[in-house]
Amino acid sequence: MRVAAPELRAEGLEAGYYAGQSVLRGVDLRAAPGRLTVILGPNGAGKSTALRVLAGLLPPAAGRVLVDGRDVTRVPAHRRAELGIAFLPQGRSVFGALTVHQNLELGGWTLRRRRPELELALEAAYQRYPKLRPLRDRPAGSLSGGQQRLVEVARMMIADPRLILIDEPSAGLAPNLTREVYDELARLRAEGRTVLLVDQNVRAAVEIADYVFTLESGRNQLEGSRERFEPELEALIRAWLRV
Amino acid sequence: MRSGLEPAGAPGRLWLDLIRLRRRVWIPIGALLLVGLVALGLSSDDLALLDSLGVIFMYVVLTQAWNVLGGYGGYMNFGMAAFFGVGAYTTAVIGHDWSVSPVLATAAAGLASGLFALVVGIPTLRLRGAYFAIATLIVTFAVELVALNAPFTQGSLGIYLKVLPLSPLQTEQLFYFVFLGLMLAATAIVFLIERSHFGWALVAVREDENAAEVLGVRTTRVKILALVLGAVMAGIVGGIYSYRVLYIEPAGTFTIDTSLNVVLMAVLGGAGFWQGPLIGAPVIMAVGDVLRVAVANEVNRLIFGVVLVAVALFAPNGVMGFLRGVRGRRFTI
Amino acid sequence: MLSLLLQAVVDGILLGLIYTIMALGLSLILGVLGVINVAHSVFIMLGSFFALGLLTFLHLDPAVAFVLSTPVFFLAGAAVYRLLIQRVQRAPATIGILVLFGLMVVVETAGILLWTTDTRVITVGYSNLRLSAGPVTVNGARLVAAGLSLLATAGAYGFLKRTLTGRAVLAMADNRDAASVLGMDVGRLSMLIFGLGIAAAGAGGVAIGMTFPFAPQDHIQWLAWAFLIVIVGGLGRVESTLLGGLVIGLVQTLAGALLPFSWVFLLMYVLLLVLLIVRGQGLAGAQRREL
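Residue numbers (our numbering), protein chains in the order written: chain A, 1 to 243; chain B, 1 to 333; chain C, 1 to 291.
It cannot be assumed that every hint is accurate.
Label pairs and their in silico Cβ distance ranges [claimed, not checked]: (1) A:E234 / B:F191: 53 to 61 Å; (2) B:A150 / C:G53: 33 to 41 Å; (3) B:G181 / A:S217: 49 to 57 Å; (4) C:G140 / A:D160: 52 to 60 Å; (5) A:E234 / B:G325: 25 to 33 Å; (6) A:G145 / B:F191: 33 to 41 Å; (7) C:I277 / A:G141: 24 to 32 Å; (8) B:S156 / C:G53: 26 to 34 Å; (9) C:G187 / A:S217: 41 to 49 Å; (10) B:N297 / C:I277: 51 to 59 Å; (11) A:Y18 / B:R218: 54 to 62 Å; (12) A:A124 / C:F159: 23 to 31 Å; (13) C:L4 / B:W200: 56 to 64 Å; (14) C:G134 / B:S156: 39 to 47 Å.
Quick caveat, the hints were computed from the structure, so don't treat them as lab data.
Think of the CB as a built atom: it goes at the ideal place given N, C-alpha and C, for glycine as much as any other residue.
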């Protein structure tokens with residue numbers, strides 16, 4: 001039974017890692033329900049930091065995070081999974097010491113008391129990502145970069161999240177795998193989930209986006225629908241490279 | 001500890017403002033105190049008082065020695081007793097019958113402790129702080145074992161030193177002024193270090209060792225130098241201590257009390273500030289003196305342990321940190 | 001000569017098993033949480049006295065104490081985590097180190113106040129029993145202690161590898177954030193593994209108490225040994241600690257067969273120094289999260 005996709009809003013986020021040094025200085029964001037929203041910006045703009053705040057990994061110094069109007073700012077990261085929120089961090093995040101199957105199983109941590117449901121979800125994962133089946137009992141740390149990314153995505157999907165936050169999905173992947181990743185992201189959106197994407201791969205991200213935000217130096221710069229952005233892409237990228 | 005970032009602003013009461021006026025107020029006050037201490041040393045015949053003050057001066061030196069690597073560098077040393085003890089044993093072994101002049105023996109004590117610091121530091125300081133901390137605990141234990149078993153240390157029997165050819169008052173005065181002088185020297189050294197490139201490098205190591213390395217700081221070298229410097233200071237003081245107590249044996253010389261006291265004095269006074277030991281040592285010694293009258297030595301140690309935990313949890317920047325309004329705590333990622 | 005070596009090997013294995021459970025707590029807490037438990041060895045000391053107390057006042061065999069120590073020390077560890085460690089996890093690493101040193105001093109001194117600095121031994125019926133198989137003779141207490149240690153080590157291994165919660169702990173060690181967002185309460189899991197680590201130390205203390213004389217102020221010796229085992233074997237994994245434990249046990253008994261007694265200890269400390277120089281970089285990698 002599919003629940004309607006949630007809306008995610010961030011208002012006036014201020015956050016940083018060191019006392020007295022803010023990476024985000026008052027950022028507003030909105031991921032519309034069932035749409036794919038992209039956050040772009042040069043290095044150091046605070047995109048990853050914003051996502052970490054939204055995922056609950058970094059408490060903001062100021063501002064609010066709202067899911068369907070409900071204030072979740074102080075909800076710790078491990079409670080957000082119950083709310084149907086998933087986060088795919090930047091870089092490798094597989095549990096290298098465990099097998100692929102064990103990784104997926106932990107993806108269903110919130111389902112651990114409903115074992116039959118978990119088993120169904122695991123089987124569904126192998127059907128959705130058939131390339132994982134032969135790798136089932138391999139230690140996740142021994143897989144290639146692309147395979148690990150697949151494990152991370154499948155693991156994330158076990159709990160059937162309605163709101164998905166993704167940081168740099170294609171970083172470090174070979175071009176053919178990049179294509180697959182963005183196809184999967186488009187599919188996620190087509191399934192009616194809310195997706196919020198941070199990306200350096202501007203072209204590929206905008207191609208599948210419904211809405212775009214840009215950040216610079218911890219503040220909002222531009223925002224608008226994809227149609228508005230596509231013609232300005234070249235100018236934007238060139239401007240950031242100069243930063 | 002001290003975050004190294006701008007102070008958030010101390011409470012703005014008049015007397016705290018006075019403290020922050022620093023040079024204008026503190027140089028005359030400091031000079032007055034010094035003159036007073038010298039006068040006291042020359043005129044007093046209260047042996048107990050001179051003794052107590054002498055011990056405080058000695059601990060200031062030890063705490064300053066700890067402060068270089070511990071306060072500025074952020075590397076906790078729980079084994080100051082070992083460096084102190086190496087110095088004490090050096091003078092005891094080579095100088096107990098005055099066949100070697102005390103000055104030479106004391107210099108040798110500093111040298112021995114410095115070399116010992118190299119042996120300990122080179123393997124352990126290439127690692128991060130917590131490993132070094134454990135290593136200092138192990139080292140103290142090991143050195144005490146060596147002192148108990150090595151042929152030249154007389155084991156648990158200990159070593160007796162020849163008494164000085166002076167009257168009791170003259171003896172007290174001698175050590176009083178020696179330790180006073182060393183206290184001034186040690187404080188001056190740390191004061192200068194704080195303003196030097198070496199001091200900057202140490203603070204960089206403390207604040208963000210990875211970034212410091214990227215910036216080109218030879219972090220391992222800096223740490224080793226800090227340890228050796230502190231060890232030499234502790235060794236000299238330890239060497240003089242032998243002549244003071246006239247009997248050296250392993251348990252009393254390498255007792256954990258020395259290490260604990262130094263850490264507590266440094267942290268309470270404010271680690272990473274040259275003024276810290278000047279505050280911490282008298283306070284802890286005074287508390288200790290009061291306690292030792294009332295309770296057993298071990299209870300004293302227990303209380304100090306609890307105090308250390310409390311200070312670390314609730315006031316890790318110590319008195320100086322509070323006065324300077326240091327607030328910032330690094331959020332760990 | 002051969003029988004001497006064989007004896008040393010058997011002794012080394014038995015000793016190595018005991019050393020494994022003794023060091024396991026330090027290894028797991030360091031590997032999973034990135035916390036270097038400076039106070040690790042005082043819990044070993046408490047474990048020894050726990051067994052002594054149960055024997056003296058309740059006439060319970062140390063083997064029973066070994067089993068009972070697990071829940072007792074687990075709770076103690078969880079309490080320490082909740083009261084102290086959790087508070088310092090967001091602070092600079094030096095504060096945590098100071099707190100643990102303070103804790104160590106407090107517990108050691110309390111031990112001295114309660115039990116004096118006298119050396120104790122645990123003596124039971126089978127303490128002086130000697131079992132022979134061919135040229136090899138084995139002390140009864142050491143055999144029992146080694147057997148219990150092996151069981152406990154296997155138990156820890158089974159928990160971590162074969163239960164979902166155990167695997168969640170391993171996952172958290174690999175990537176704390178990823179585990180967190182998947183719904184794992186890393187605070188709770190951290191408390192769990194810290195409690196387990198202290199439980200291992202306590203059990204290790206019982207085993208050590210059955211094998212060696214002990215006193216409150218001598219615990220640092222075991223900190224050194226545990227440290228050595230962690231450097232040799234690697235940390236965070238039960239298997240690595242077992243390897244390290246066996247190696248150190250064998251080194252000690254083989255050295256003991258060939259060198260005068262007091263030299264063995266010196267050798268071990270020199271070995272520690274050398275290994276720190278050689279394997280230092282491997283340790284540095286473990287401190288992803290400094291406390």
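Hint check:
1. A:E234 / B:F191: 53 to 61 Å: 58 Å, holds
2. B:A150 / C:G53: 33 to 41 Å: 36 Å, holds
3. B:G181 / A:S217: 49 to 57 Å: 55 Å, holds
4. C:G140 / A:D160: 52 to 60 Å: 58 Å, holds
5. A:E234 / B:G325: 25 to 33 Å: 50 Å, violated
6. A:G145 / B:F191: 33 to 41 Å: At 53 Å between Cβs, range violated.
7. C:I277 / A:G141: 24 to 32 Å: Holds, since I277 of chain C and G141 of chain A (Cβ atoms, about 28 Å apart) stay within the stated range.
8. B:S156 / C:G53: 26 to 34 Å: 29 Å Cβ-Cβ, so the 26 to 34 Å window holds.
9. C:G187 / A:S217: 41 to 49 Å: 33 Å, violated
10. B:N297 / C:I277: 51 to 59 Å: 38 Å, violated
11. A:Y18 / B:R218: 54 to 62 Å: 25 Å, violated
12. A:A124 / C:F159: 23 to 31 Å: At 29 Å between Cβs, range holds.
13. C:L4 / B:W200: 56 to 64 Å: 59 Å, holds
14. C:G134 / B:S156: 39 to 47 Å: Cβ of G134 of chain C to Cβ of S156 of chain B: about 42 Å, so the range 39 to 47 Å holds.
Checked against the numbered hints above, the structure breaks hints 5, 6, 9, 10, 11 and satisfies the rest.
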